[in-house]
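With chain V's structure known, arrange chain D on it following the hints.
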Amino acid sequence: MTSPQLLLAPQTFEGGLLLVLAIILPVTAALLALLFGHWAERIALAYMPVGIAVAFAIARDVVHSNSVVTYYLGGWAPPLGVALRADGFSALMLATTALIIAAAGLFARGTFGSSEGRKPFAFWTLLLALWAALNCVFLGGDLFNLYVALELLTFAAVPLVCLYGSKETLQAATRYLLFALFGSVLYLLGVALLYGAYGTLDIVLLSQRIKPELALWLAAALMTTGLAAKTALFPFHLWLPPAHAGAPPAASAVLSALVVKGSFFLCVRLWFNVLPALPSVEALQVVAALGAGAILYGSLLALRQPRLKLLIAYSTVAQIGYLFMLFPLAAGGAPWSTAAWTGGLLQAVSHAFAKASMFLAAGLIAETLGHDRISEMRGVGRLLPVTVTAFALGGLSLMGLPPSGGFAAKWLLMAASVESGQWVWAAIMLLGGLLAGGYVLRVVLPALTAPDIALTAKTMPSRTREGAVLALALVAVLIGFAPRCFLDWLQIGRPLLALVGTP
Amino acid sequence: MNAANLAGLCAAVLIGLGLYGLITHPHPLRKILAFNLLGSGLFLLLAVIARRGAAAGLAADPVPQALVITGIVVAFSATALAVSLVLRLFEAANDVSLRAEPPATPSEGASS
Chain V
497 MTSPQLLLAP QTFEGGLLLV LAIILPVTAA LLALLFGHWA ERIALAYMPV
547 GIAVAFAIAR DVVHSNSVVT YYLGGWAPPL GVALRADGFS ALMLATTALI
597 IAAAGLFARG TFGSSEGRKP FAFWTLLLAL WAALNCVFLG GDLFNLYVAL
647 ELLTFAAVPL VCLYGSKETL QAATRYLLFA LFGSVLYLLG VALLYGAYGT
697 LDIVLLSQRI KPELALWLAA ALMTTGLAAK TALFPFHLWL PPAHAGAPPA
747 ASAVLSALVV KGSFFLCVRL WFNVLPALPS VEALQVVAAL GAGAILYGSL
797 LALRQPRLKL LIAYSTVAQI GYLFMLFPLA AGGAPWSTAA WTGGLLQAVS
847 HAFAKASMFL AAGLIAETLG HDRISEMRGV GRLLPVTVTA FALGGLSLMG
897 LPPSGGFAAK WLLMAASVES GQWVWAAIML LGGLLAGGYV LRVVLPALTA
947 PDIALTAKTM PSRTREGAVL ALALVAVLIG FAPRCFLDWL QIGRPLLALV
997 GTP
Chain D
24 MNAANLAGLC AAVLIGLGLY GLITHPHPLR KILAFNLLGS GLFLLLAVIA
74 RRGAAAGLAA DPVPQALVIT GIVVAFSATA LAVSLVLRLF EAANDVSLRA
124 EPPATPSEGA SS
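Chains V and D, in that order, give the protein sequences.
Oh and the first sequence: position 275 is 771 in the numbering used here, straight run, nothing missing.
Oh and the second sequence: position 19 is 42 in the numbering used here, straight run, nothing missing.
Only chain V is shown next, with the shape it has when bound in the complex (with noise of 0.2 Å):
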């Protein structure tokens, strides 16, 4: 048997430093903010360029050493230490992450631009907050640490959905919270379950040391239900469209395109760096089946929802749901499995970009004419031309039409349907592609016509609002021309080749 431990041997030079980095200097930057309130708005802006180089830095690391990058806190190596490790998949959500919150910020200086009140101060706070949990939970090495991290970033996120403090978003925030709480407690559960079977929490130890049993199994299970739970997985979807439709747009766009994909990377690192030696293909179809359900019922509600918001909240629904298509169609190191890897991590990111975009368009159409009630958007494309280009081109995206990241994300997915013979999620992915067309053309149609009578703007945005979104909307576009190394990038750390054939 070759170890896994060759493929992942620590990286001793100083690239494990920015691991430790780009966890401490957010942190800093949230307690900071904490302390002087005045200035929080300040902080976050100043941090932002940091962060987008230390994210850059990492992945330029990972690709240069064309391996795990590994850090070990303190010097102690596991099982007694704590490993931070970044392999190409958490390079490129750190990455991700970091443009994604840049560009909430630079769209919220419009919203939350005035340094008094509670709420500019709390959601600057919150942001930095957010940002040091993802990437905590993107470069944790172990299942606790993992499991903090998890918590932190629920603790950041629920408090955003409510910053407006109506009744309609702290119910929503509530729910989200309970949620959130349920999935932890039985992620934490499952935790327990492999401490006591292992006695280690070490990712890297962990894949070595399970065996094919009942406690795996169960703890298994309880982790991917809490996971699932805490990413809206069809039939937990429940608490999202509430919470992602009442909260700010800038802190919509961070939610649905970032947030939930922090407990999705929590359950791609569980069965493919924990688990790659279970077999698990028959298993992980009941998680495809989810994902199915969540495809065709998010989309069917999208196209049923009157305002705006609800309906891009529906789509993130229908959207997590292609995700979970990875499971079955990547594990097992089939042939197909590498083209499934890369379509679901890029569907991971392309729709981060995708929905944030839109998400942030939805908002500045509602401040601009008032309202998001979409059958009052008629020859809104005049009004807001660069706007509605940005929402059409995220929509592209979502439906999976080229040229954009979700086309390439959709087309590997479906390729390695097909060839693997499990026609019918290649199916339920096209149908998911059509509905998705509906509900954004139901958008996009009425927006580009001319309007019945003359729309007066409210206000109209700032130039570098509609910039940053149309700049979201443009990377989700570009995705789709990731030149083959940047898709090789992606499969550094794949614990798969040295496991085949393991029993």
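Zero decoy hints are in this set.
If you only want the chain V side, here are some residues facing chain D, beta carbon under 7 Å, derived:
| no. | residue |
| --- | --- |
| 1 | Leu666 |
| 2 | Phe678 |
| 3 | Ala688 |
The set of hints was computed from the structure by calculation and includes no laboratory data.
Glycine included, each C-beta is placed from N, C-alpha and C at the ideal position.
Below, chain D without anything else, positioned relative to chain V:
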């Protein structure tokens, strides 16, 4: 039956009761209490695992004890956040039920 087995069974019962309460009770405060009950069962389970010394064959394994302490801190902050949210909800709506009604009704422009 030795003490560890008895404690393990108690942990299982607490986890089961907590899970049942968390899923079936509609009232948020009861859900929060059930979450804490579940948490207590979970920490007891970790304590039993520590007693078994699974990792190193020691008399008592220190790692699960560290997990319990961290877990208690996290569960405490979660409870505090949940209770304060429920209080705010009560102030805003005079009612804390979370029945699924058509959400986000006329909050004009969703950005007021």
